[in-house]
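Single-letter residue listing:
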Amino acid sequence: KIEKAKPIKCGTFGATSLQQRYLATGDFGGSLNIWNLEAPEIPVYSVKGHKEIINSIDGVGGLGIGEGAPEIVTGSRDGTVKVWDPRQKDTPVANMEPVQGESKRDCWTVAFGNAYNQEERVVCAGYDNGDIKLFDLKTMSLRWETNIKNGVCSVEFDRKDVNMNKLVATSLEGKFHVFDMRTQHPTKGFASVSEKAQKSTRWRVRPLPQNRDVFMTSGGAGSLHLWKYEYPAQRSKKDSEGVEMGVAGSVSLLQNVTLSTQPISSLDWSPDKKGLCVCGAFDQTVRVLIVTKLNKV
Amino acid sequence: MGDESVPFLLDQGTTKTYQIPIGHLDYKFIEKCTDVKHLEKILRVLRSGEEGCYPELTLFCEKRIEHLDPRSRALRKDKPAATPSDFTAEEWETINGELMSWVTEMNEDDKKPQFLRTDTLHERQDNLPPIRCSSSCLPANQNKTLQNKQRNKKNIPRDYNEWDKFDVEKECSKIDEGCEENDSKARFFSRPSLPIIEKKIDTTGMTKKEKIFVATREKEKGNEAFAIGDYVEAVTYYTRSISVIPTAAAYNNKAQAEIKLQDWDSALQDCEKVLDMDPGNVKALMRRATVHIQLQNYQPAIEDLNKVLCVEPENTIVKKNLVEIEKKLKGLKPVSETQGKGRRILIQDIEDSEDDEERGENTEERERSGREKKIGVPVGGEAATEEAEMGNAHRKFHSKGGGSKAEDRDTQKQKESTECGLKKETSEKKSQKHLSDHEGEVNGYLHSDQKSESPEAESSKSHGAESQSGGGGSSTSLPPTAAKLKSEGNELFKSGQFGEAVLKYSEAIEYVIGLGGQSPDDLSILYSNRAACYLKEGNCNNCIQDCNRALELQPFSLKPLLRRAMANESMERYRQAYIDYKTVLQIDSSIQAANDSANRITKTLIDQDGPSWREKLSPIPVVPVAAQLHRWDGGNFTSEKQPTSTTDINREEQLQMNREKAEEKFKTLKTAGNDFVKKGKYEEAVNKYSECMKLNTEECTIYTNRALCYLKLYKYEEAKQDCDHVLQIEDSNIKAFYRRALAYKGLQNYQASVDDFNRVLLIDPNVLEAKKELEEVTQLLNIDSSAAAGSQQKQRKKITIQEVTECDDQEERQFAAPEGVVTDHVTSKEAVQESVPLKTSEKLRISEPSNAYDFGQIINAVNTNKDKAACADLLTIIDPKKMPVLLSNKLEGEIFLIFIQSLEYYLVGKDPGLVYQHLFYLSKAERFRVVLALLSKNEKEQVQQLFNSLSENQNHQYTLEDLESLKKVYEL
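Chains as they are written, first to last, in this note's numbering: chain A, 225 to 521; chain B, 1434 to 2405.
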C-alpha cells in the first residue's frame, strides 16, 4: 500500500510495455505521474501538466496495443487535453486548448484511437457540455466535432489499434451513442446510433477486448448493461452528391444486471480471460464479474 | 381470474400517470391492442402498482409486448447478478472450473522467471518512432534536438482555431530549413485512401508469452474485420498474426478471407499450410475443396471432400458439394464421364506449369510450318522486345488475382527447371529476378503443385483418349504395343515422372510412325500427350513443337492448341498465345481457362502495345464449321454459341475485347479534348474528339462537344454536321438543337436557326438563352441585314451564352471556356458551378424573386460577381416596397454598396423616382442602421453622390424636401 499526498483520479497502463508495467496516474492537483510499481516511492516521470484535476487519462503504444510511440493523453477540468510522451520531459507533445476567451469546458474523458500504424493516431475528448472532439495527431488538426447534448462521461474506441472503427460515447442522461468511424462525411461527419439504457448516468463504457462489437456500460444506478453492436448490411452509402457517408447499425441489449444502489464509476475487462471484468462503485466496493457465453455472441 | 373483474367495474376514470382509461387495464384490451407504446404505458402503470397489484395481468401484458416487439425497452428489467444458485450444478461447475484453470494458468505464468529484461527493453525503445513534433529533426544530433524543441514550444498551437490554421508545412520548414522537407511533407500530407497497415510485426525482444498474446490479438482483429466483411483488412491482420507466430488457425482464417476475396491461389496456399501443420483439419480441407472447385480442379476437390466425410460422415454441406461437383462434371462431359473428370484439370495444370525457357530460340519457323497457315508469326526482334518488357508485364499480372496464379506457378516451374538443369535458359537473368520476386510464394507452390499432380496424371491418361474423341475414334485403334507404351507413359505422367513419360511417348510415336499408315488421330494424341509432358517439364519449345505436329495431323484439336497457347504464354509470346486461346475459344467457348487467359493476355498486350495492340496481331484463324460441329457431334462440350457462323463469333469476340480497352482510351481522349476546350485550344480539342469518334461512334456527347468547338472556331458547317449526326441518333438532344441553331445562325440561315431554337424551347421552355437567341435571330431574320461588325459582336455573345448551358451539364462542365467576363470565374471547378447563378441573373434579368431565399441567392450571385448591371436589373424588377421583406436581416455593407453603385450607374439616369423609392425603402430594412454606421468615408461619399445625382435628376415622384429628409436618414 502506497499513499500519496494528492488524491489520484485516474490511471492507465496503456503506454508501457508488458514487461515494464508502469502505471500512469492523473491526480486532483493536475499532475501526471508515472510510477514503477516495484519502486513506488518516486515517480519515474512527473509533470504538473494541468492547472486543475486530471479527469481522465489514456495510454497507447504499450501493452502490445497500438503501433507507434507510447503516449499518454490527459484531459482536465481546466479545459485542456494534452498528449505526453514519457520520453519527453516537462512539455506535452501536443496540447489542445480552447481559444482564448472561449469558455473553458471541463474535459471529462479522453481516448486514443486509430493507432494502426506508426503515423496515424487520434485523440477523442468528451466535455461536460456534450462536445466530442476528435483530434488527428498526425495532421495536428481538429478532425471532427459534434455535440451529444449531455455531458460526455466516457468515450472509447472499440479498438485503439485498428483503423478507426467505432466510437462509443456515454452521456449523463443515460444515453449512449455509437459512431461508425469508418466513413466520414465532409458535412455530416460520422453516422451514429444512440440507445438509452436507463435514466441514470452512463458512467463508463468498455469494449470487450476479445470482441470489439460487444461492450459494457456501467450506470448510475449500480447497473451494468452488456450490448452488442450489429453492423448494417452496407456500412457506407453515397449521398445525393455521390459522397460516401456512413450508415449506422443497431445496438441490442444482451444482458443487464444491477449490482448496487450506488453508481458504478469504473469498469474494465480482463485482456486474458474472456468475460472477466472488474468494476468499482461509489459504495466503495470493487466487484469482479464473469460474463459467460460470450463466445456465442 | 378474480383480478380482472376489478377493472371492469372501474370502467370510468383514468390512471394517474399516463391518463389511460382504467378499462384498458384488461386482458381483453391488452390482447387486442397492437400499439406497443400504449401497452408499454399500461405495463408501467401495472408495474408501479398505483392502480393495484395484478401480477398475472402484468405478466400477460409483458408477454403481449414481447410478442409485438421483442426488443421493447419496457421489457428490460433490472436483474441482480447471477450467483451460483442461478445455475444448475453442472453449469456452475464448468464456469467455476474454467475460471479456476485460468487462474492456475496465470499463476504459473507469473511464477515463471521473467527473463529478458533491461537489454531487450532498450532494444525495443530504439525501434520506437521518434517523439512527436520533434519528429522531423534528426534524433542523432542532441543539440539540434534541444534547439528544435524550444522552437517547437513556441510553435505548438494553443487553441482549436490555431489548430485548424496550423500550417504544418510551414512549421516543418521552419524547423529544419529545407532539410528533409520532402520527408516531412510525405509524413504529414500523404493520407492514403487505404490505410497502410504494416504486414509484419517487429517481434524483437518479445517473450514467447508476449508473442502469443500479440498473435492472438492480431488474429482477433482479423476475425472482427472478417465479421464485418472487410476481408482485405482481415487478411492483413491474419498476416500480421502469422508473422508473429504462424498458427494453423490464423492460416485457416486467412484462407477463408482469401476465398471471400476470390484470391484462390493464396487461399489454396494457406490451406496447404494448415494441412501441413494439422493434416486432418476439416475446415482447411473444406476450404481447399472450395478453392479447387473454383479453380475447376474437381478431382482434388472430391478427394478433399471425401477426406472430410471420413471424419464427419454426417456433414451435409460436404455431401451437397459433392453432388454439385458430380453434376458439374456431368454437365461438362455427359458422354465419357470418368474421363471427363480429368479434362479440365489437365488444362488448369498445364497452365500452371509454364516456363519461359529457351525463349531466345526461334521457334516461329516451326510453328508456322506446324499448322494454321494463316498465322503470320512475328519474328526474332519481336521476341526481344517482349523480353525487355517482361518484367513490367509480369508485375501487372501480379496485381490482379487471376493472373498472379499462373505466374507464380510459372516461377516455381522455372525454379524447378533451373535446378534440374534440363536446359540452360537464355533468359536466365530474367528468371532469376522472378525467383527473387516470388520466393515467398514459391515454397507454397511446391506443395500445391504436388497435390495437383495426381489428378492431372489421371487426366492425361484419359486425355489421350478423349481429347480427340471428336474424331470418333478412341485409342482403341492403336496397335497394342503402342497402346501399351502410351498407357505406361500416362502412368508415369500421373506419378509426375515427366521425363520418363516423354520417353515412353516418344517410343510409342516412333512405333506408330514405323508402322505407317496409322490414323493421324492417334499420332496426334501421342504428340499432344508428349507436349503435355514437355510443358510440365517446362520445356516449352519442345512442347510447342509437339503441339504443332499434333495440330498438323489433327487441325483444330483442342488440347494441343491449348498447350501451345500455354507454352507460348509462359514464353511471353503473348500474341501467339492469344491467337491460340482465341482459336480454342472458337472451338469451345466454355473453356474457362482459355477465357481467363485470353482476357489476361489482352490486358498484357494493351499494356505492352498500347491501344493499337490488335493491329500487331496476326489474324486469328477461322475455325472451320466442321471442326466445331465435330465437337458438337462428339457431345463433349456444352458450348453455348451456335457453331454456324464462326466468323461472326470471331468478330463478336474481337469487338468485345476491343470495347474494353477502347472505353479506357475513349475516356482519356475525351478528357484530353475537354481540357483543350478549357484552355481554349479548340483545334486540338477537335482533333481529340475526332479520335474519340473513331473509337465510339455512338457517343453523342463527343459530337456535341465537337460541335461546340467548331462553333468556337466559326466552322459552322462542320458544327451543323455534327449536330445533325447527333440528332440522327438521338432526336431530342437539346444541346444538339441548340448548337445547330447557333450554327445556322452563323451560316446566316436564320429561318433554320429559328426553327431549331423553337425546338429547344419545345423540349425545355426554361432555356432562357435560347429565348434570347431566338429573339435576336428573329430580329435578324426580320431585318435581314447582316453587318459584318455586328455579326462579330454577336458571335462573341453567342459563345458566352453557350458556356452557360454547358455549366448546367455535369458531364461537360469542363467546357465552360474562359472568355470575356467569365474568365475570373472558371479557373476552378467550383467557380464554374458558381458562375451558373451569376450567369442566369445576368442573362435572365431574373424573374422577380418570390421570397427572401430566392432573393438572397440572386444577391449572392450578384455580389460575388460585383455585377452592377445585373443588380440594376434586379432592382428594376423588384418592387421597392418589398425590399425590406426580401432583404430580411441579410443586409450587409457589401450588398448595400452594390445597390448604391447600381442605382448610381444604371438607374438614376433612367428612373430617378425608382431610385428614390429604393433608397427610401432600403432605409426601412433591418440592419440598415448597422450597415450605415459601418460605412467608410469613401463609401459614404458614394452615397452622397447618389443623392446629388438624384437631386439633379429631380422629378415629380419626390420633392427636394423628401430628399433632404431621406438624406438625414442616411446620416448625410
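None of these hints come from the bench; they were simulated from the model. Some hints here could point you the wrong way.
[As the list claims (entries may be wrong)] In silico DSSO-like cross-links for lysine-lysine, where the CA-CA straight-line distance does not exceed 30 Å:
| no. | chain 1 | residue 1 | chain 2 | residue 2 |
| --- | --- | --- | --- | --- |
| 1 | B | 2098 | A | 517 |
| 2 | B | 1496 | A | 520 |
| 3 | A | 498 | B | 1716 |
| 4 | A | 420 | B | 1474 |
| 5 | A | 520 | B | 1642 |
| 6 | A | 452 | B | 1474 |
| 7 | B | 1644 | A | 498 |
| 8 | A | 462 | B | 1642 |
| 9 | A | 420 | B | 1693 |
| 10 | B | 1644 | A | 520 |
| 11 | B | 1474 | A | 462 |
| 12 | B | 1465 | A | 517 |
| 13 | A | 423 | B | 1496 |
| 14 | A | 517 | B | 1496 |
| 15 | B | 1693 | A | 498 |
| 16 | B | 1474 | A | 517 |
| 17 | B | 1693 | A | 462 |
| 18 | B | 1642 | A | 498 |
| 19 | A | 497 | B | 1642 |
| 20 | B | 1752 | B | 1716 |
| 21 | A | 399 | B | 1474 |
Here is what the structure says about each hint:
1. 2098(B) with 517(A): At roughly 57 Å apart (the allowed maximum being 30 Å), residue 517(A) and residue 2098(B) break the hint.
2. 1496(B) with 520(A): Between residue 1496(B) and residue 520(A) the Cα gap is close to 26 Å, so the pair holds against 30 Å.
3. 498(A) with 1716(B): Within the cut-off at roughly 24 Å; holds.
4. 420(A) with 1474(B): Answer holds: residue 420(A) to residue 1474(B) is near 17 Å, not above 30 Å.
5. 520(A) with 1642(B): 26 Å, holds
6. 452(A) with 1474(B): 27 Å, holds
7. 1644(B) with 498(A): 18 Å, holds
8. 462(A) with 1642(B): The hint is violated at about 45 Å.
9. 420(A) with 1693(B): 36 Å, violated
10. 1644(B) with 520(A): 26 Å, holds
11. 1474(B) with 462(A): Judged against 30 Å, a Cα distance of about 39 Å means the pair is violated.
12. 1465(B) with 517(A): 37 Å, violated
13. 423(A) with 1496(B): This hinted pair holds, its Cα atoms lying about 24 Å apart.
14. 517(A) with 1496(B): Satisfied, since the Cα-Cα distance of roughly 25 Å is no more than 30 Å.
15. 1693(B) with 498(A): Roughly 28 Å between the alpha carbons, so the hint for residue 1693(B) and residue 498(A) holds.
16. 1474(B) with 517(A): 33 Å, violated
17. 1693(B) with 462(A): 24 Å, holds
18. 1642(B) with 498(A): The hint holds at about 17 Å.
19. 497(A) with 1642(B): Holds. Residue 497(A) to residue 1642(B) sits at ~15 Å (cutoff 30 Å).
20. 1752(B) with 1716(B): 15 Å, holds
21. 399(A) with 1474(B): 20 Å, holds
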